[in-house]
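Number of protein chains: 2
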Amino acid sequence: MAEDRRTRRTRRALSNALVELVLERGFSALTVEDITERADVGRATFYSHFRDREDLFARVTAGLLDGLSERLRPVMAESPVGFTGKPVLEMLRHAREERDAYRIVLRGEGDGRPLQMFTDAIARATADEFRDRAERNGVEPRIDPTLLARVWVGEQIAVLRWWVEHETPPMPVEDVVRMLLDLGLHGRYWASGFNDETTDGTAST
Amino acid sequence: MAEDRRTRRTRRALSNALVELVLERGFSALTVEDITERADVGRATFYSHFRDREDLFARVTAGLLDGLSERLRPVMAESPVGFTGKPVLEMLRHAREERDAYRIVLRGEGDGRPLQMFTDAIARATADEFRDRAERNGVEPRIDPTLLARVWVGEQIAVLRWWVEHETPPMPVEDVVRMLLDLGLHGRYWASGFNDETTDGTAST
DNA sequence: ACGTTTCGAGACAGCTTGTTCAGTAACTTA
DNA sequence: TAAGTTACTGAACAAGCTGTCTCGAAACGT
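Going line by line, the protein sequences match chains A and B.
Oh and the first sequence: position 4 is 488 in the working numbering, straight run, nothing missing.
Oh and the second sequence: position 186 is 670 in the working numbering, straight run, nothing missing.
Hints are computed from structural coordinates only; laboratory data are not their basis.
Be aware that one or more of the hints could be misleading.
[Said to hold, decoys possible] Not the full set, but computed from the structure, chain A residues with beta-carbon under 8 Å of chain B:
1. Y531
2. F534
3. P558
4. R587
5. D595
6. A611
7. A618
8. R620
9. R626
10. G638
11. L667
12. G671
13. A675
14. S676
15. F678
Beta carbons: idealized from backbone N, C-alpha and C, even for Gly.
Please put together the full structure from these sequences, using the hints given.
Right, here's the structure in full:
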C-alpha cells in the first residue's frame, strides 16, 4: 500500500506554499489560512497533516536535511582517507537546487529553530569527522573538536548564506570551495593579503 | 527636561521581562500580556511605548549594539596600526555582562531579525576595517573583503554562541581570543592537529 | 465496481491583538 | 511645596486567528 497520491499532493503543495510565503512576508506574519489559500487546500485539511505552522516548517527542514545527507552519502563512502572539498561542493550544489528553502532556513525564520536543526546536524557530523581523522592519523587536536566544528560550520553557514542570498550566483561553486579550502589551510590573514611575517604574534582584529 | 523616571522604569521592566521570558519559552510563544504581567505593568501601557513585541525586541537589540559600540570606541581609538585581539576581547566581556540578551539574540529568536541586525552591524564594521588595513599597508586582499568579513563574523558568532550558551564559562575569555587569533593566523587544519605537510593541495572536509 | 481514505466547507469557543477612554497616581519644575 | 504636566491603569471593544469537529462529496487503491 504505497502512500495515497492525494496526501502526497497536498503535503507538497503546503510545503511549497510555506516556502514561498515565508520568503515573501516572513514566517511570523503568516496565518494558516494564508498557507492553505496559496496551496489551494482547505484549512481543515492542513490540520489533518500538521499540528501547526511550526510543525510544517520543521518537516520542510527535515526534508532538506534528508536530501542533503542522501547526496552526501556516496561522497563520504568513497572517502579517501585524505581531504577533498567534495562534501562542501555537494552542499553548495544542493543549495543551488533548493535555493528558496535554504534561504528561509538560513535567515533564521521560525525563531531560528530550523536553522539550529540544520546547524546542529552538520556540526555533529563534522565534529565526528574531525575526531575520526585525528585518531586515524594519531595526532592531538590543538583545539577541542566540538568547538572547532562549530567554528567551521559557522564559516560554512556564513558563506552559504551569502551565496544563496544573491539573485545571480556571485561566484562559481568551485571557486567558493577553493576559497574555503585556502582559508582552512592558511588562515584569515593570508586571505586579507598579509602573511606570517607581516603579522606578529599578537595579531588580529 | 530630563526623561521621566516612570518611562525609564517601565521600559527597563518591559525589556527585562522580554529577555527573561524569551529565554524561558521562546519569542513566538509569548503574548503581550505575558510580558506586561512579568514586568508588572498594565497592558495598555505597553502599547504607549512599543508598537508590538517585535518592536520591543528590536529596541532591546539596538540597545545591546549601542552598549557594544560604546565599549569598542576607546579600543578602536587607541588603535595601533597593527593587530591586537582587543575588540574581540571587549565583545566577549560585554557578552559576559549581558549574557541573557546575547543568548536570545544569538539563538535567532524573533525570526532571526535581531540576529541579522547584530551580524550586519559587526560585518559592516569589520569589512571597513579590512579594507582600511589593506589600503594602509598597500596590499591586495586575496579574497573579497565583504565576503571575508562575513566568514570572520560567522566564526565570531559561532564561538560567541558556544561561549554564552554554557552555564559555567567553559574557557577564560583570554583563551578564546588566543584561539581565534591562532585560527586566523594558521588556519583550521593547524588547529585540528595537521600542518601544511600533512595536508596536500587538495585538502579539506 | 467496492470499500476505504482524504478532502472541503462551515460552525464553534477561546484567545490575542491593538485601540480607546476616563480616572488616578507620579513626576518635574519653579 | 504647590501647580501643571505626563504617565499609568483597568476595562471594554471589534477584529482576527487558532485548533477542533462534523458530514457529505470526491478521489483513491485494488
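**Request:** Identify whether the interface hint at A/F678 stands, where standing means a beta carbon of chain B within less than 8 Å of its own.
**Result:** Hint holds; A/F678 Cβ to chain B Cβ min 7 Å, cut 8 Å.
**Asked** When the nearest CB of chain B is found for A/L667, is that gap smaller than 8 Å?
**Response** holds, 7 Å
**Request:** So, A/G671 near chain B? Judge it on the closest CB pair being under 8 Å.
**Result:** holds, 4 Å
**Item:** Closest C-beta approach of A/F534 to chain B relative to 8 Å, hint status
**Value:** Violated, because the Cβ-Cβ distance from A/F534 to chain B comes to roughly 16 Å (cut-off 8 Å).
**Prompt:** Any CB of chain B closer than 8 Å to the CB of A/A611?
**Reply:** Check failed: Cβ of A/A611 comes no nearer than 11 Å to chain B, outside 8 Å.
**Message:** Less than 8 Å between beta-carbons is the criterion; does A/R587 satisfy it with respect to chain B?
**Reply:** violated, 11 Å
**Request:** Using 8 Å as the Cβ threshold, decide whether A/P558 counts as touching chain B.
**Result:** Since the shortest Cβ distance to chain B is 16 Å, the answer is violated.
**Prompt:** Holds or violated: is there a CB of chain B closer than 8 Å to the CB of A/A618?
**Reply:** With a minimum Cβ separation of about 5 Å from chain B (threshold 8 Å), the hint on A/A618 holds.
**Asked** Can A/R626 be said to touch chain B, with a Cβ gap under 8 Å?
**Response** holds, 5 Å
**Item:** When the least beta-carbon distance from A/R620 to chain B is tested against 8 Å, hint result
**Value:** For A/R620, the interface hint is violated, since the closest Cβ of chain B sits about 11 Å away, which is over 8 Å.
**Prompt:** Against chain B, with CB atoms and a cut of 8 Å, does the hint on A/Y531 hold up?
**Reply:** violated, 18 Å
**Item:** Interface hint for A/G638, Cβ within 8 Å of any Cβ on chain B
**Value:** Hint holds; A/G638 Cβ to chain B Cβ min 3 Å, cut 8 Å.
Hint compliance for this structure: hints 1, 2, 3, 4, 6, 8 are not met, and every other hint is.
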